[in-house]
Structure formats: structure tokens, C-alpha cells
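**Student:** These are the residues of each chain, in order.
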Amino acid sequence: MSGLIDAIGPAVIIALVKVLVTFVMLLGITLLVVWAERKIIADMQSRVGPNRWGPFGLLQTLADGIKLFFKEDFRPRTADRWTYAIAPIATMVPAFLAFAVVPFGNEVTIAGHPINFIVSDLNIGILYFLAMGSLGVYGIVLAGWASGSKYPLLGAIRSSAQLISYEIALGLSLVPIALVAHSLSTLDIVGAQAGTIRNVTFFDGIPVLEQVANIFRYVPNWYIWSQWPAFAIFLVAGIAETNRPPFDLPEAETELVQGFSTEYGGIRFAMFYLGEYIHVVVISAMAVTLFFGGWSGPGFDFLPWLWPLFWFFFKTALFVYLFVWLRATLPRLRYDRLMWLGWKRLIPAALLWIMVTAVVNTEGVSRNVRLGVFAALFLLVLAVVLRGDPRLKEAVTPQRRRTQGRLSRGAA
Amino acid sequence: MVHPAHPPDLSTTQERCYKVPDGYFGQYVTIGIFAVVGVALVFGTLSLAKLVRPNVPAKDKYTTYESGIDPIGRGWSQTNVRYYLFALLFVVFDVEAVFLFPWAVVFERLGTQAFIEMVIFIAILAFALLYAVKKKVLEWL
Numbered sequence: 001m002s003g004l005i006d007a008i009g010p011a012v013i014i015a016l017v018k019v020l021v022t023f024v025m026l027l028g029i030t031l032l033v034v035w036a037e038r039k040i041i042a043d044m045q046s047r048v049g050p051n052r053w054g055p056f057g058l059l060q061t062l063a064d065g066i067k068l069f070f071k072e073d074f075r076p077r078t079a080d081r082w083t084y085a086i087a088p089i090a091t092m093v094p095a096f097l098a099f100a101v102v103p104f105g106n107e108v109t110i111a112g113h114p115i116n117f118i119v120s121d122l123n124i125g126i127l128y129f130l131a132m133g134s135l136g137v138y139g140i141v142l143a144g145w146a147s148g149s150k151y152p153l154l155g156a157i158r159s160s161a162q163l164i165s166y167e168i169a170l171g172l173s174l175v176p177i178a179l180v181a182h183s184l185s186t187l188d189i190v191g192a193q194a195g196t197i198r199n200v201t202f203f204d205g206i207p208v209l210e211q212v213a214n215i216f217r218y219v220p221n222w223y224i225w226s227q228w229p230a231f232a233i234f235l236v237a238g239i240a241e242t243n244r245p246p247f248d249l250p251e252a253e254t255e256l257v258q259g260f261s262t263e264y265g266g267i268r269f270a271m272f273y274l275g276e277y278i279h280v281v282v283i284s285a286m287a288v289t290l291f292f293g294g295w296s297g298p299g300f301d302f303l304p305w306l307w308p309l310f311w312f313f314f315k316t317a318l319f320v321y322l323f324v325w326l327r328a329t330l331p332r333l334r335y336d337r338l339m340w341l342g343w344k345r346l347i348p349a350a351l352l353w354i355m356v357t358a359v360v361n362t363e364g365v366s367r368n369v370r371l372g373v374f375a376a377l378f379l380l381v382l383a384v385v386l387r388g389d390p391r392l393k394e395a396v397t398p399q400r401r402r403t404q405g406r407l408s409r410g411a412a
Numbered sequence: 001m002v003h004p005a006h007p008p009d010l011s012t013t014q015e016r017c018y019k020v021p022d023g024y025f026g027q028y029v030t031i032g033i034f035a036v037v038g039v040a041l042v043f044g045t046l047s048l049a050k051l052v053r054p055n056v057p058a059k060d061k062y063t064t065y066e067s068g069i070d071p072i073g074r075g076w077s078q079t080n081v082r083y084y085l086f087a088l089l090f091v092v093f094d095v096e097a098v099f100l101f102p103w104a105v106v107f108e109r110l111g112t113q114a115f116i117e118m119v120i121f122i123a124i125l126a127f128a129l130l131y132a133v134k135k136k137v138l139e140w141l
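Chains A and B supply the protein sequences, listed in that same order. With our numbering applied, the first sequence closes on residue 412, and no number is skipped along the way. With our numbering applied, the second sequence closes on residue 141, and no number is skipped along the way.
Think of the hints as simulated: they come from the structure by calculation, not from any bench. Among the clues, some could well be false.
Heads up, simulated DSBU-like pairs for lysine-lysine below, C-alpha to C-alpha not over 35 Å straight-line [what the hints assert, rightly or not]: (1) B:LYS134 x A:LYS67; (2) B:LYS50 x A:LYS39; (3) A:LYS39 x A:LYS71; (4) B:LYS135 x A:LYS67; (5) B:LYS50 x A:LYS71; (6) A:LYS67 x B:LYS61; (7) B:LYS59 x A:LYS344; (8) B:LYS50 x A:LYS344.
Input sequences plus hints: build the corresponding full structure.
**Tutor:** Here you go:
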């Protein structure tokens with residue numbers, strides 16, 4: 001065994017083991033996420049949800065997978081043979097490739113080799129993540145076009161317009177992170193968020209508030225506190241990138257049957273399905289990494305390597321829950337509202353936030369000025385939210401509720 | 001709880017670059033292994049499914065779905081591709097992002113002059129976006 005390790009080199013073995021472990025983990029998580037979504041949605045709709053296979057229906061996804069595995073696979077006569085075959089692969093591969101730059105645990109030393117819980121710490125990690133997200137569009141567009149059918153074609157056209165619009169916002173929302181972290185490597189970004197906030201001098205000299213400000217010493221030094229506008233843009237654009245509700249227009253069941261994947265069945269359909277859920281996990285993990293300190297959290301002497309893993313998966317699970325919650329709560333956006341939100345709100349907001357971040361991080365601008373700018377922006381956003389943008393409200397309010405309101409007003 | 005992101009490495013620059021899990025090129029090699037394993041897994045699943053699934057051809061199975069009736073016309077009928085203007089704007093703003101990222105990483109070292117230049121750059125593109133809005137290019141009918 002040791003001879004084999006010497007021949008190939010321990011580094012290659014480490015890389016291989018990392019890759020395999022990450023794969024098994026990612027697939028396991030994805031199966032759990034599919035089950036969790038069905039269970040949570042069922043709970044929110046006062047149903048029981050899957051409960052036949054395994055305890056609490058845990059093996060439901062596996063059962064579904066096996067079922068799809070044994071399904072007949074037939075291609076429409078009008079379909080373009082090779083493009084039709086490649087499309088599901090082109091959706092799934094970039095989705096899991098993006099996970100390669102997500103650090104999911106602290107560095108550990110095994111047999112004298114320092115090992116990071118990350119497949120590859122690219123120095124352009126963020127760019128790589130964005131690139132893989134963009135590649136996912138190809139699978140959807142090719143699937144819609146290659147089916148030679150009308151509904152998938154419409155789904156593909158919608159999808160390409162939606163994804164390219166929100167991709168810009170997604171990319172621009174990460175520029176401020178690069179500004180404050182001075183790096184595009186995800187490991188460096190997590191490292192920069194370690195510890196707690198210590199240098200708040202804004203309240204110095206004010207009797208009571210000075211004492212209250214001590215509480216900041218127990219607050220983790222995450223980017224969410226200073227970069228929350230970037231986070232908001234990232235989250236909205238990220239949900240749009242995954243084609244999840246309320247941005248699931250490419251596969252809008254009520255309008256387009258099943259959208260781009262209408263003509264797919266069996267194992268090929270399972271690929272699209274799996275790809276979508278891996279994408280959800282990746283976006284959640286990336287949100288945790290960039291804004292919520294990644295794997296950082298309180299650690300204990302008992303199994304010290306385990307706690308970072310626990311905190312990472314715990315935070316990621318919260319984000320996955322948010323995805324599911326949004327699906328259960330929000331109705332689908334109308335298409336013109338979707339484009340309006342992406343181009344006329346998110347992109348200008350992201351550009352503005354890059355400028356604000358650059359100004360407050362320029363040398364010579366004191367920390368108090370920075371805090372003042374953040375406070376002013378916070379009040380501004382609060383004012384906008386409380387006033388409510390009528391168009392945004394119209395975009396997300398269910399038709400029924402609006403009509404009811406109008407009727408009751410009329411009656412009064 | 002401060003952990004060094006990169007442990008000090010005392011090997012030569014070239015060795016460092018090609019070291020597999022952590023070196024500059026080594027990291028891309030790892031990504032390559034990841035991609036190869038992934039693609040192999042996907043192809044393996046597809047091939048395995050091909051072996052076990054039934055194949056019962058019937059003429060009507062191979063028509064496309066059109067709400068239960070026989071499809072009318074061809075699937076690749078003429079479609080109004082509305083998003084080509086969006087696509088043009090996308091190219092502009094995506095290139096902008098490409099310029100913004102390197103600037104953001106070395107922002108502190110470049111200082112005020114680079115900042116002002118970047119403000120001008122963003123302002124020009126923001127003006128272009130405003131122009132597109134005024135021209136009603138971004139209206140999706």
C-alpha cells in the first residue's frame with residue numbers, strides 16, 4: 001500500500017480522495033434536500049408528505065431514482081438526436097463542478113499532510129463559481145431547442161433571457177466582496193471572516209451606548225453585516241439562476257407544461273431534476289461561504305474537526321430551508337416584472353453598491369463615516385420597504401388577494 | 001480562532017506551481033479530476049440505465065407533447081426571439097464585470113486614481129443602461 005502511495009504521490013491520492021468524498025457527500029445531500037423539500041412543503045400545506053420508504057420517508061428520493069432508472073427512454077421523432085442526449089449532462093455537470101470551490105471545513109492534518117476540506121482552492125474561486133453557473137444555461141437552452149417541440153422551445157427562450165439578465169446581477173453583487181476581501185479565493189474570504197467584531201469605535205465616549213457596544217465582541221465578523229445589500233442582490237439573483245420559484249418561469253407548469261424538460265423522461269429527466277437541486281445546494285453553500293463566515297462558528301475540544309463541518313452544513317441547511325419556504329409562499333413572477341426587477345432594479349443597485357463599498361473602503365475614510373453611511377442606507381431601504389414599491393408589490397401579490405381587497409374596499 | 005489560509009511552503013516556485021492539491025496548476029488538475037469523475041459518473045448512470053430499461057417501440061410514442069392533441073406544424077416554428085437586445089446588453093455588462101473583478105482585488109494598492117477611473121467607466125455604462133431604459137429596449141411585451 002505504501003509502495004503504491006509513493007509511486008503515485010500522496011498529493012494525487014489526497015486529490016482523488018477529496019474528489020470522491022465530495023461527490024458522495026454532494027449526492028447524499030441532494031437526495032436529502034429533495035426529501036426535505038417535499039416534507040417541508042407538505043407540512044406547510046397541512047399534508048403528510050412522503051412516509052412510505054424508510055423512516056419518515058427518508059428513502060423516497062432513492063425509490064424515485066430507481067423508478068426513473070427503469071423507465072423506458074424514448075426520444076421524440078422531431079428531436080435532434082445528439083443535442084437531445086447531451087443536454088441533461090450539460091445541465092448536471094456544471095452544477096456539481098461549481099461545488100469544487102466551496103470550503104466546507106477547517107484545515108486538518110492527516111498523517112502529516114495538511115488537508116483542506118475543499119476540492120480546489122482556486123485563486124479565482126468566485127469567477128469559477130460564476131462561470132459554472134453560466135454554463136448551466138446551455139443545458140436548458142439545448143434541451144428546449146433539441147426537443148423539436150413548442151413548449152420546450154418557449155421555455156428555453158425564456159430561460160436564456162432570464163438567466164443572462166440575473167447572471168449580471170449575480171456577478172456584480174460579488175464585486176464588493178472582492179473589494180473588502182482583496183481576494184477571489186473562497187478560502188481567503190472565509191479566513192477574512194474569522195473571529196468576532198472588535199474594533200467598533202463609533203459609540204466611544206457616549207456613556208451608555210459605549211457599554212452596549214461591547215456586545216459586538218460576541219458578534220461574528222461576517223460580511224453580512226457590512227455587505228447586506230450585496231447579499232440581498234446575490235440571494236435574489238441566485239434563486240433566479242436556479243430556476244426556483246418565484247423565478248421558475250422556464251418550467252412554469254401552468255403555462256408551459258414542464259417547460260424545457262417536457263419531452264424528457266426516465267433517467268434523463270432525473271438528471272435535470274438532480275442538477276436543479278445540486279444548484280440549490282451550491283448557491284446556498286456559496287451564500288454561507290461569502291456572507292456568513294463559511295464553516296466558522298464556536299468550536300469545542302471534543303472532536304475539533306467536526307464543528308466546522310457541522311456549522312457549514314447547519315448554515316447551508318438554513319438556506320435550503322429558505323429556498324423551500326419561498327417556493328411554498330410566493331407566486332410566480334410575471335415575465336415582464338421579472339425582467340424589470342433584474343435590469344432596472346438589481347443591476348443599478350449592484351453598481352451603486354460597488355461604488356459605495358469602494359468609497360467607504362478608500363484610505364482616509366474613517367470607520368465612523370462608514371458606519372454612518374451604512375446607517376443612512378439602512379434607513380433608506382427601510383423607508384422604501386415600508387412605503388412599498390407598488391410595482392414590486394403587484395409582482396408578488398396573488399391575484400386573488402388583490403381582488404378581495406378591491407371588493408372589500410368597494411363594499412365599504 | 002485565526003487559521004492561516006495557506007501554510008508556508010518552502011519548496012521552489014516551480015515545484016509549488018505543479019504540486020497537485022494546492023499548487024497553482026495543481027488546483028486546476030484537481031478540478032480536472034473532479035470533472036472527469038463527474039462526467040464518468042453521469043455517463044455510467046446513463047449507460048447502466050440503457051442496459052436495464054425496457055424498450056417497447058410504438059409509433060405514437062414518438063410524437064411531441066402538445067396538450068394531448070396531435071402536434072400542429074413543426075416544433076421549430078418561427079418564434080419571436082425577443083431577448084436579442086437583452087443579449088447584446090448582457091455582453092456589455094458581463095465584460096464590465098470582467099474588468100471590475102481584477103480592479104476590486106487590487107483596489108487598495110491602486111488607490112484613488114484607479115477609483116476615479118473606475119467611477120468614470122461605470123458611469124459610462126450606467127448611462128448606457130439609462131439610455132436603453134429610455135429607448136424602451138428593456139420592455140418585455
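**Student:** Let me make sure I understand: some of the numbered hints might not hold for this structure. Which ones are they, in numerical order?
**Tutor:** 1, 4, 7 and 8
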